[in-house]
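So the sequences go chain by chain: F and D. With our numbering, the residue at position 110 of the first sequence is 110, and numbering never jumps. In our numbering, each number is its position in the second sequence, counted from 1, plus 1000.
Just to be clear, a hint being listed does not mean it is correct.
[Said to hold, decoys possible] If you want a taste of the chain D side facing chain F, the calculated C-beta under 10 Å gives, among others:
#	residue
1	V1031
2	A1044
3	D1045
4	P1047
5	G1048
6	E1083
7	V1112
8	P1129
9	V1130
10	A1132
[To be verified] Pair by pair, the computed Cβ-Cβ distance ranges are:
#	chain 1	residue 1	chain 2	residue 2	range
11	F	E68	D	A1050	38 to 46 Å
12	D	G1076	F	R95	38 to 46 Å
13	D	G1037	F	E64	43 to 51 Å
14	F	R95	D	R1070	22 to 30 Å
15	D	Y1077	F	V40	31 to 39 Å
Source of the hints: derived by calculation from the structure; they are not laboratory data. Note that beta-carbon positions come from the ideal geometry of N, C-alpha and C, so glycine has one too.
Single-letter residue listing:
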Amino acid sequence: MLQSTLAPFRALDPFADMRRMQSDMNELFNGYGLAQRPQVYPAVNFWAGQDSIVLTAELPGLSEDDIELTVKDTTAVLRGSYPERASGEDVAWRRRERPSGSFSRTVELPFRVDPDRVDARFRNGVLTVEMQRPEEDKPKRIKIKAS
Amino acid sequence: MAQELTAQGGREVTRGETGSSRTAMTFMPAVDIFEQGEVTVIMADMPGVAPDDMDVTLERQVLTLRGHVRPHAPEGYRRIAAEYREGDYERAFTLSDEVDQDKIKADFKHGVLRLELPRAAEAKPKKIPVKAA
């Protein structure tokens, strides 16, 4: 910030630095907190088992009915929308940090899953989805015969 | 009516616990604050916290929200990708005199804490009659 004062013509505008500082400050405050948020929403964690996979996502404030989960082959799609915020003439907002609106996220799974054997649970704002590999896809142990 | 005590921000780490394991972190929950009529509402996102592990304390004028998360790891599974981390939540607010501290209501549902802080009767605007001279 300070180096640029040496640039030509800069001296003509005594308020340039002040303005720049102000816009830097605005950026700092506007972006604060938001910058930490991931580009994709919601963030998910994955666990892998022998023939199954578990996906978890934090979706506070939603209930089972607000989330739509579809699973096909190796993709899982998570859709949902947050309940409307309080609104009206008598509502005065002081701070808004919680997520709002709707989201859709497609997640690529490491293997094909059986859509009939998906177990999804929602508890305390955390979604846990357990998916099983179809029987026919499971690696089979081949018996080696002695010759 | 409710002033933040500590630095603001979304999912920030407020402090690391000593002797830390992977999950021993404390986050600052995201909050919504609005006033509706005579009530100030604070909503704080604390996913993963069971209602019994939610702790709201009011000491002098300081309202502290604490949520304890029991680390969630499915048995027999190994973690392959982590986009978010689990940890406890903590955030504190200083209340002004306008809040009726005996009538604060708290409700915890779907990982969201909802606090209702009603305005104290004496803080309601009083009309002072102006006498004509």
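Inset, instruction - Answer holds if the nearest beta-carbon of chain F is closer than 10 Å to that of A1132/D; otherwise answer violated. - result: 34 Å, violated
Legend entry - Status of the V1130/D interface restraint (C-beta, 10 Å, chain F): Nearest chain F Cβ about 28 Å off; hint violated.
Legend entry - E1083/D as chain F interface residue, shortest Cβ-Cβ below 10 Å: 4 Å, holds
Inset, instruction - With chain F as the partner, please determine if P1047/D meets the hint condition of a C-beta pair closer than 10 Å. - result: 4 Å, holds
Inset, instruction - Go through the hint on D1045/D and say holds or violated, using the shortest Cβ distance to chain F against 10 Å. - result: Check passed: Cβ of D1045/D comes within 4 Å of chain F, closer than 10 Å.
Legend entry - Hint status (Cβ of V1112/D to nearest Cβ of chain F, threshold 10 Å): Hint holds; V1112/D Cβ to chain F Cβ min 4 Å, cut 10 Å.
Inset, instruction - Given the hint of 38 to 46 Å, check if E68/F and A1050/D actually sit that far apart at their C-beta atoms. - result: 25 Å, violated
Legend entry - Pairwise beta carbon distance, R95/F to R1070/D, judged against the given window 22 to 30 Å: 28 Å, holds
Inset, instruction - Return holds or violated for the Cβ distance of G1076/D and R95/F against the range 38 to 46 Å. - result: 42 Å, holds
Inset, instruction - Return holds or violated for the Cβ distance of G1037/D and E64/F against the range 43 to 51 Å. - result: 31 Å, violated
Legend entry - Given hint P1129/D near chain F, where the shortest CB pair must fall under 10 Å: Result: violated, 27 Å to nearest chain F Cβ.
Legend entry - A1044/D as an interface hint toward chain F, with CB separation required under 10 Å: 8 Å, holds
Hint compliance for this structure: hints 8, 9, 10, 11, 13, 15 are broken, all remaining hints hold.
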